[in-house]
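K.L.:
On the provided structure of chain A, position chain B as indicated by the hints.
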Amino acid sequence: MLAVRVIPCLDVAGGRVVKGTRFVDLVDEGDPPELAERYAREGADEIVFLDITAATEGRATLRDVVERTARRAFVPLTVGGGVRTTSEMREVLRAGADKVSLNTAAVADPALVWRCARRFGSQAVVVAIDARRIVALPGRPAAWEVVVKGGREATGLDAVAWAERAVELGAGELLVTSIDRDGTQSGYDTALLRAIADRVPVPVVASGGAAGPSDFVAAVLEGGASAVLAASIFHRRRHSIAAVKAAMAAAGIPVRPVPGAAA
Amino acid sequence: MTRIAVVDYGAGNLVSIDQALRSAGAEVVIARAEPDLEGADGLIVPGVGAARPAMERLRRRALVGPIRRWIAADRPFLGICLGMQLLFDGSDEDGARTLGVLPGRAVRLVGAPHLPHIGWNTVRRRRPHPLFAGVAADAPFYFVHSYAPRPTGADAADVALAVTDHGPDFVSAVARGHLAGVQFHPERSGRDGLRLLANFALLAGRAA
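Chains A and B are the protein sequences, given in the same order. Per numbering that gives the first Met the number 0: the first sequence = residues 0 to 262. Per numbering that gives the first Met the number 0: the second sequence = residues 0 to 207.
It is worth saying that the hints were derived from the structure and are not from the lab. Please read these numbers as outputs of a predicted model, since none were measured by experiment. Among the clues, some could well be false.
[Claimed, not checked] Among chain B residues calculated to face chain A with C-beta under 10 Å, some are:
{"no.": "1", "residue": "GLY9"}
{"no.": "2", "residue": "VAL14"}
{"no.": "3", "residue": "GLN18"}
{"no.": "4", "residue": "ALA49"}
{"no.": "5", "residue": "ASP88"}
{"no.": "6", "residue": "PRO115"}
{"no.": "7", "residue": "THR163"}
{"no.": "8", "residue": "HIS165"}
{"no.": "9", "residue": "HIS177"}
{"no.": "10", "residue": "ARG187"}
{"no.": "11", "residue": "GLY192"}
[Stated by the list, open to error] With the Cβ distance kept under 10 Å, some of the chain A side facing chain B (calculated, not the full set):
{"no.": "12", "residue": "ALA39"}
{"no.": "13", "residue": "ALA94"}
{"no.": "14", "residue": "ALA123"}
{"no.": "15", "residue": "ALA153"}
{"no.": "16", "residue": "LEU168"}
{"no.": "17", "residue": "GLU172"}
{"no.": "18", "residue": "VAL199"}
{"no.": "19", "residue": "SER225"}
{"no.": "20", "residue": "HIS234"}
{"no.": "21", "residue": "GLY259"}
We put the CB at the ideal spot given by N, CA and C, even for glycine.
Looking at chain A on its own, in the form it has when it is part of the complex (with noise of 0.2 Å):
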């Protein structure tokens, strides 16, 4: 049975994990293929790197640093952040990612995604979607708008209507982060979620908000996803990944055994 993918993730910038509140106050984290290559024996289903280096001067930085992880961490590698153009893909999957997600770029091109999917496949192909709530009128359902460049900029999208729209485009996959919960850890957005999974064919994948092992059951169970993505609760090791599976386990969702423990 499909096991539902636990995936840490990771702030690169300038070749180096940073971590701080996106773009702001960065300290630096160590090496990416290192701190992968542990997230991988500790149980990772997959990796994300997401790269908030400036433009475009960390190209081959971000090449190398990738090249270096598929050495080390032999699980899946998902790359986000600064891919515009097909040879960029092109560029980033040679050196070693399985996936590349695209976020501002599909939304000012959705083009981009039918290009990139048709040249690699849509498995290759993750669409980022960055959503915040929009107030809603009483008696009106929930929604929610999609904005990018890191939250700094509204679009005016329809959160689900662009996931449709990106999935008919190609997308093999969404990363589904909501904004208002990203760095709060007041929990997943499971309205959210379960608004684009019951919409769409392909996995979803959760982000943004996740306090502890709870939350990642409630983002599969009620939110509808596929996997679940976190980033600040694993670098501050405050949960292992580990424990994050137990309670998955214990709640009755499949997952791959952490590699050496128990089954």
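P.N.:
Structure of chain B alone, referenced to chain A:
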């Protein structure tokens, strides 16, 4: 030292396969043309994406004939993901005609809860095979695909080495003689995946 040729036809990353084989003590040749296969003990065709562009790239590199001849001589061969689907007659994904060394087609997974099928899933072997030596019976491997092979013909049941469920069962590994193929990605499947690639290198070394 056992030498493994890994075909590079621009479909997906070779870094992890290269590293996995090296750590198993094999010598790796990235093969972009027929002369690169000379002296190799085993041949791996990896790959992700669609069948038609993959066949076009193999043709452009004049590798279709050499791969067919390699398999016809029953030399050690491992197809990974798309590299395994290409062994069959064709793919329903884009109607491409493929290598045709095994009877059957790559067909879309039906009745699956989500597509693509992405993640770690159990590979249930229907018979023992040295490729899986030392791998636990319920070991999960990493999958990322929407199509899987459906072997046909008199020996279809023998060719289907393992099955996996995503909705209904699909064939997740095939084998015949020194030919094998897996729908999952051993290079992304942690220790068990490394073991499988090391087993292939071992088999290739023995057959040489």
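K.L.:
Should the hint that LEU168 of chain A touches chain B count as held when the rule is a Cβ pair under 10 Å?
P.N.:
LEU168 of chain A check fails; min Cβ-Cβ to chain B is 15 Å, beyond 10 Å.
K.L.:
Quick one, is the GLU172 of chain A hint okay against chain B at 10 Å, beta carbons?
P.N.:
holds, 6 Å
K.L.:
Can we keep the HIS177 of chain B interface hint, with Cβ of chain A closer than 10 Å?
P.N.:
At 25 Å from the nearest chain A Cβ, HIS177 of chain B fails the 10 Å test, so the hint is violated.
K.L.:
Per the CB criterion, is SER225 of chain A less than 10 Å away from chain B?
P.N.:
holds, 6 Å
K.L.:
Does the interface hint hold: is ALA153 of chain A within less than 10 Å of chain B, judged Cβ to Cβ?
P.N.:
Violated: closest Cβ of chain B sits about 30 Å from ALA153 of chain A, beyond 10 Å.
K.L.:
So, as I understand it, the hint says PRO115 of chain B touches chain A; can you test that by seeing if any CB pair is closer than 10 Å?
P.N.:
holds, 5 Å
K.L.:
Double-check HIS165 of chain B for me: the hint is only fine if its C-beta lies closer than 10 Å to a C-beta in chain A.
P.N.:
The hint holds - HIS165 of chain B has a Cβ within 10 Å of chain A, the shortest such distance being about 6 Å.
K.L.:
Holds or violated: is there a CB of chain A closer than 10 Å to the CB of GLN18 of chain B?
P.N.:
Because about 4 Å separates GLN18 of chain B from the closest Cβ in chain A, which is inside the 10 Å limit, the hint holds.
K.L.:
So, as I understand it, the hint says VAL199 of chain A touches chain B; can you test that by seeing if any CB pair is closer than 10 Å?
P.N.:
holds, 9 Å
K.L.:
For the hint on ASP88 of chain B, does the least C-beta distance to chain A fall short of 10 Å?
P.N.:
At about 20 Å, which exceeds the 10 Å cut-off, the nearest Cβ of chain A leaves the hint on ASP88 of chain B violated.
K.L.:
Do the numbers back the hint for THR163 of chain B, that is, is its least Cβ distance to chain A under 10 Å?
P.N.:
Holds - the Cβ of THR163 of chain B comes within 10 Å of chain A, reaching about 9 Å at its closest.
K.L.:
Return the status of the interface hint for ALA39 of chain A: holds when the least beta-carbon distance to chain B is below 10 Å, violated otherwise.
P.N.:
holds, 7 Å
Hint check: violations occur at hints 5, 9, 15, 16 and 20; the rest are consistent with the structure.
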